[in-house]
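**Q** These are the residues of each chain, in order.
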Amino acid sequence: MRHIISILLENESGALSRVAGLFSARAYNIESLSVAPTHDPTLSRMTLVTSGTEEVIEQISKQLNKLIDVVKLQDLTEDAHIERELMLIKVEAVREARDEVKRLVEIFRGRIIDVTETTYTIEITGNGEKLDAFMDALSSITIHEVVRSGLLGISRGTRVLS
Amino acid sequence: MELTGAEMIVECLKAEDVEYVFGYPGGAVLHIYDAFYKQNDVKHILVRHEQGATHAADGYARSTGRPGVVLVTSGPGATNAVTGIATAYMDSIPMIVITGQVPKALIGNDAFQEVDSVGITRPVVKHNFLIEDVKDVARIFKQAFYVATTGRPGPVVIDIPKDVTVAKAEFSYPSEISMRSYNPTVKGHPGQVRRAVDIMLSAERPMIYTGGGVVLGNGSEQLRQFTRKLGYPITQTLMGLGAYPATDKQSLGMLGMHGTYEANMGMHHCDVLIAIGARFDDRVTGNLEKFCPYATIIHVDVDPASISKNVKVDVPIVGEVVQVLNEFNQALEQTERTPNASALEKWWHQINEWRSQDCLKYDRESEIIKPQFVLEKLYEITKGKAIVTSDVGQHQMFAAQYYGFDEPRRWINSGGLGTMGFGLPAAIGAQLAHPDDLVACVTGEASIQMCIQELATCRQYGLPLKIINLNNGCMGMVRQWQEFFYEKRYAMSYFESLPDFKKVAESYGHIGIKVEKPADVVPALEEAIAQKDRLVFLDFITDQEENVYPMIPSGAGLNEMILV
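One line per chain: the protein sequences are A and B, in this order. Sequential numbering of the first sequence, starting at -15, is according to my numbering. Sequential numbering of the second sequence, starting at 5, is according to my numbering.
Chain A stretches covered by chain B per the calculated footprint, using a threshold of three residues with CB under 8 Å from any CB of chain B:
(1) -3 to 6
(2) 42 to 50
Dumping the calculated PhoX-like pairs for lysine-lysine here, alpha-carbon to alpha-carbon at most 20 Å:
(3) A:Lys50 to B:Lys191
(4) B:Lys536 to B:Lys381
(5) A:Lys46 to B:Lys316
(6) B:Lys191 to A:Lys46
(7) B:Lys42 to B:Lys172
(8) B:Lys139 to B:Lys172
(9) B:Lys18 to B:Lys139
(10) B:Lys536 to B:Lys387
(11) B:Lys172 to B:Lys108
(12) B:Lys313 to A:Lys46
(13) A:Lys50 to B:Lys313
(14) B:Lys233 to B:Lys350
(15) B:Lys381 to B:Lys518
(16) B:Lys294 to B:Lys313
(17) B:Lys350 to B:Lys253
Sample of chain B residues lacking proximity to chain A, with all beta carbon distances greater than 10 Å (derived):
(18) Tyr41
(19) Glu225
(20) Arg341
(21) Glu349
(22) Met424
(23) Phe488
If you're looking for bench data, these hints aren't it; they were derived computationally from the structure. Ideal Cβ positions, reconstructed from N, Cα and C, are used throughout, including at glycine.
Take the sequences, apply the hints, and build the full model.
**A** Dropping the structure here:
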């Protein structure tokens, strides 16, 4: 089963590779990973999407907790949570496609953030399924480039990872 | 007080009461060596290969419980140390490894003797550091020693660029340390302890299974009280030997692949398994599907990740072995319940029936020296009091089976990683830590050649080790597996040419004795021990056909042993 593990770790060089190295060394699966410093600049927050049986996920949590740089972690999938991903897409926008893409972007509540005579660059956020659906909707359009952020997650309600 | 980085390192080691540093100099660590030269508090032992330095520090750590300290240069110095670091990591041995690094400005430029030491060692250390600023030296050393020696111990690498060792800053060594991201659990959860005690007192066929964690956690005394109070049978892993006395009647010896019949049958049939400081290694469990099918399992370990990793347990208790055993002992003291005496009597009757198989019997009439015979005699002559290090292979298993350890930290071997070449340098560390004790290195002609250069280190420091070389002319354990599982196709397990070990020993300035007949075994051992100030290399020519029994073939359960 898919799990979203949110990790608070020391914002130090090498911390990311300790986490990534743990996953490859123990043959765990990483579907996506995103990391950046938090409002406390000494800490980074990582969101890691993985999958496995309950036993494997338990081991992943324990092994992550064992890393000296890991301060705290939480399996977001255990409770109500919000998932978001950011996608930037550059598509061909000429003739009737210019209007068609604009309409689709409005429907999916994305934004066109850069325009040339022949291309649009679109920004869109949502969960993974929404972004996949947007890509499907663009099936008749030529896509030049796709950049996705990997998933970010946060608990609903007052629960905080700190 | 303003000091250079190199001087700070010496001060940090002094503050940590470090007695010995095992190392080998090179360009990137010359400032540090210069700082060592100017003081006499921390003694430096010069090895002949960086692998030897790590194993020697490891042997020191295992025999004392104090962290071993290593100093090596950048590049090849660091890579040569990796095997020893991994060896310590797999057996949870506290160790500090200081690796030199090229100056900061050169890092990443493929400089001479540059290697990413932090990257290379990352998977085999508990933690590692790159010191980028001389102001961080004291804090990082304090953290390194703290991390290496607390919780589940392990090696910590400190990589220090050459320019940091010459830069200056104010120095003061912190007396306290706290790390927000590292707080190992000490005490067991009281509710879980109560549940565990309740289950163990309800057992009809109990078994205590203990590992290296009891030795590392200095829980031997508490384990003895606990085991004796309950009157239950106890089996110990390869790493745990000595925590409970081998000669005690409740001891069933070692379990696992080459464990005793009674220990493995007891494991298979028990209804309550009390696992303490052991990690359910594959060499212990055999086939997981068939492991302890009737047992409710209680597992005490300081490392939460060891619990339910291989075997799902019923009562997990995270905490230091000593603490949890004290909690068990207290609870047993306070409760009015006692173990089920009639069930226990029946259980012991069954165990003694398994014991009567005498699974460690071997041909005592042989004309050729049997390796088991040498170890039995070594045990008798040293009265079981020696510190025994070993390499890896048949001789390691024979030592574990035939040398009965009654005290912890007397049996020193590479159990997890299985590193050939470990025995001799580990014996160096143990002998330095215990100058008045007899230290024997049990090895074979294959293993000894992997770190034989350390005979020179022994000469330099006058270490009177006794090397028990069980020389059967082949890699015994490889040959055994080829005999059993590869239809006797002995691929590359024989040596076409071996050195004359007597002469090798002599050329390093030691005494060498070749022993070819069973009748000469005892006199040779006695002669070696009588040479109190000299290293004696005993080259025993042993039976090539001898195998380690009993044995659980891979894929089998603990109740499916091959006996002699």
